[in-house]
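As a plain string of letters, each chain reads:
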Amino acid sequence: MGRHLLVNFLATVTVISMGLVTLIGLVSGEDTTPATFASFLIRLVSVIAAVALFVGVLNLIAVHMGRFVRSEHGWPYSLIALVTALAVIVLRILDRADIWPGKLKGEQISVRVFESVQVSLESALAALLVFFLVYAAYRLLRRRVTVWNVAFSAVVVIVLLGSIPLKRTDALADVRDWLIRVPVSAGARGLLIGVGLGTVTVGVRVLIGQDRSFRG
Amino acid sequence: MISDAGWTLIFLAIAFAATMAGRFMVRRFGVHFRPLRAYTVLPELAANAVEGNRRVHFSLGSSALGQPSTISALASAEVIYRLSERLAISRLTPLITLSDPITLPLAQDTLRRAYEYRRNMAYYRSSAAAWYPQGPRSLAFAAGVASLSADADADSNVLLGRFGYETALIGESALRYDQRLIAHSDLVEGQAVAFAQADEMLYGEELYVGPAYMNGTALERGGVIALDVLRWLVILGILVVALQEAIRR
Numbered sequence: 001m002g003r004h005l006l007v008n009f010l011a012t013v014t015v016i017s018m019g020l021v022t023l024i025g026l027v028s029g030e031d032t033t034p035a036t037f038a039s040f041l042i043r044l045v046s047v048i049a050a051v052a053l054f055v056g057v058l059n060l061i062a063v064h065m066g067r068f069v070r071s072e073h074g075w076p077y078s079l080i081a082l083v084t085a086l087a088v089i090v091l092r093i094l095d096r097a098d099i100w101p102g103k104l105k106g107e108q109i110s111v112r113v114f115e116s117v118q119v120s121l122e123s124a125l126a127a128l129l130v131f132f133l134v135y136a137a138y139r140l141l142r143r144r145v146t147v148w149n150v151a152f153s154a155v156v157v158i159v160l161l162g163s164i165p166l167k168r169t170d171a172l173a174d175v176r177d178w179l180i181r182v183p184v185s186a187g188a189r190g191l192l193i194g195v196g197l198g199t200v201t202v203g204v205r206v207l208i209g210q211d212r213s214f215r216g
Numbered sequence: 001m002i003s004d005a006g007w008t009l010i011f012l013a014i015a016f017a018a019t020m021a022g023r024f025m026v027r028r029f030g031v032h033f034r035p036l037r038a039y040t041v042l043p044e045l046a047a048n049a050v051e052g053n054r055r056v057h058f059s060l061g062s063s064a065l066g067q068p069s070t071i072s073a074l075a076s077a078e079v080i081y082r083l084s085e086r087l088a089i090s091r092l093t094p095l096i097t098l099s100d101p102i103t104l105p106l107a108q109d110t111l112r113r114a115y116e117y118r119r120n121m122a123y124y125r126s127s128a129a130a131w132y133p134q135g136p137r138s139l140a141f142a143a144g145v146a147s148l149s150a151d152a153d154a155d156s157n158v159l160l161g162r163f164g165y166e167t168a169l170i171g172e173s174a175l176r177y178d179q180r181l182i183a184h185s186d187l188v189e190g191q192a193v194a195f196a197q198a199d200e201m202l203y204g205e206e207l208y209v210g211p212a213y214m215n216g217t218a219l220e221r222g223g224v225i226a227l228d229v230l231r232w233l234v235i236l237g238i239l240v241v242a243l244q245e246a247i248r249r
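Just so you know, the protein sequences line up as chains B and G, in that order.
Residue numbering for the first sequence is 1 to 216, as defined by the working numbering.
Residue numbering for the second sequence is 1 to 249, as defined by the working numbering.
The hints are simulated quantities; they were obtained by calculation from the structure and are not laboratory data.
Glycine is no exception: its CB is placed at the ideal position from the N, C-alpha and C atoms.
Do not take every clue at face value.
If you only want the chain G side, here are some residues facing chain B, beta carbon under 8 Å, derived [as the list claims (entries may be wrong)]:
id	residue
1	T8
2	L9
3	G66
4	A75
5	A77
6	L139
7	E205
8	A226
Covered by chain B, according to a simulated footprint, are these stretches of chain G (three or more residues, beta-carbon under 8 Å) [said to hold, decoys possible]:
id	region
9	29 to 41
10	104 to 112
11	122 to 132
Okay, the calculated beta carbon distance ranges per label pair [what the hints assert, rightly or not]:
id	chain 1	residue 1	chain 2	residue 2	range
12	G	M121	B	T146	44 to 52 Å
13	G	E116	B	W75	25 to 33 Å
14	B	F114	G	E189	42 to 50 Å
15	G	E51	B	W178	48 to 56 Å
16	G	E189	B	W178	15 to 23 Å
17	G	D178	B	W178	33 to 41 Å
Could you put the whole structure together from the sequences, leaning on the hints where they help?
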């Protein structure tokens, strides 16, 4: 119990002091001692990020290894994930060793593999999104007809039709442009201002050490 | 003329003063907040998951510690903790997925604290917090998350934090596997998709008041009042600037 309290106390003191030092550093002029120290702390985060990435990869392997060993539902996919992870790591090591002969000399095969597999797959998934969204708009109206649901579906239809590159849809294209320029832009700003204000209020709670996420 | 740094400090000072004043008001007078449907549904959802022996899947999306979305990650983790506290009496550990490796320890610690609080550490699994690498458009992350949630036979998906268009993939999978979807995003794209697909949703700043709505302390509830004060200050500021501009013309 005593140890627990001590750990909590130390964590709170560290968070408050580091938070205040970084804040003072960010609002101080360039090349001042607080600014330099704040910049050092922010750089430190980059180093931690690199280590955390390694931990993340280990976590990914552990999760999929566990699913494979326990033969959980969908274990073949976990096996594919493990083999692919291993293959990419090996490819990267071979790239760094620069062992590719002939025409491949100097090539980054791991990057090429990434672009031809990952980017293509993601593009295919991105292409599906529009169908998911149109279906979601349809379901929205089936579930409950409210003013906002109707407005949402109407805007989806106008934007989709307004994007068709035909001469006769010029009017719809104008409506689409106006929608994006005025109500959508205003709504987006309102939403982002709200998020900003929420961030400030939670930030204050963190700065005064009342956030519990860092305590034991 | 006040510099940007000056404005930042003034804004923080107002937020601090409003939070403290709000805390005093909550303790002295007791304050009732307008109901937010998502925060009524979330505890019910946790209770149903425990009763039905099903999992709940939480996702932080690309909220990341050390990035501009740090506060979003912390606020989401706090809401997840409040719900995990209720779920931690079950043998089935809730799942948390995320795409930022630095945030992984936060997710694991959130679950650990909940299980420790319930003295049920025998059922805590650190691997219940899973990191999925994020591709250029986050779709790889969404595909991984959707499949994990389906394979784990999750009862519901609770998305809190930063999500973009990829929410549509997770939403589609939730629909196909008859899972409930409660979503929030601090990105406009994610919020729009959530509006169309989610059973319940949290708009913009509503995520940050989550702890206040779920057995919050006086300070957390005071934060809701501070948020309202700041909101009205911004509205007044916009009106004053608009009037000034109209008069100038």
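Verification of the hints:
For T8 (chain G), the suggested interface contact is upheld, since its CB lies about 6 Å from the closest CB of chain B, less than 8 Å. Checking L9 (chain G) against chain B by beta carbon gives a least distance of about 6 Å; that is within 8 Å, so the hint holds. With a least beta-carbon distance of about 4 Å to chain B, the hint placing G66 (chain G) at the interface is held under the 8 Å criterion. A hinted interface residue such as A75 (chain G) counts as satisfied when its beta carbon comes closer than 8 Å to some beta carbon of chain B; here the least separation is about 5 Å, so the hint holds.
A hinted interface residue such as A77 (chain G) counts as satisfied when its beta carbon comes closer than 8 Å to some beta carbon of chain B; here the least separation is about 5 Å, so the hint holds. Below 8 Å, beta-carbon pairs count as interface contacts, and L139 (chain G) has one with chain B at about 4 Å; its hint therefore holds. A distance limit of 8 Å between C-beta atoms decides the matter here; for E205 (chain G) the minimum to chain B is near 3 Å, and the interface restraint holds. Taking 8 Å as the C-beta cut-off, the interface hint given for A226 (chain G) holds, the closest approach to chain B being about 5 Å.
With a threshold of 8 Å between beta carbons, the proposed coverage of the region 29 to 41 of chain G by chain B is violated, since 0 of its residues qualify and at least three are required. Note: the region 104 to 112 of chain G has 5 residues with beta-carbon separation from chain B under 8 Å; the three-residue rule is met and the coverage holds. By the rule of at least three residues with a Cβ nearer than 8 Å to a Cβ of chain B, the coverage given for the region 122 to 132 of chain G holds, with 5 such residues. The hint said 44 to 52 Å for the Cβ distance between M121 (chain G) and T146 (chain B), and at roughly 46 Å that hint holds.
Between E116 (chain G) and W75 (chain B) the CB atoms are about 31 Å apart, so this pair conforms to the stated range of 25 to 33 Å. At about 24 Å, the CB distance of F114 (chain B) to E189 (chain G) disagrees with the hint of 42 to 50 Å. Take E51 (chain G) and W178 (chain B): their Cβ atoms lie about 50 Å apart, and the range 48 to 56 Å holds. Take E189 (chain G) and W178 (chain B): their Cβ atoms lie about 20 Å apart, and the range 15 to 23 Å holds.
Between D178 (chain G) and W178 (chain B), the C-beta spacing of about 39 Å keeps the proposed range 33 to 41 Å intact.
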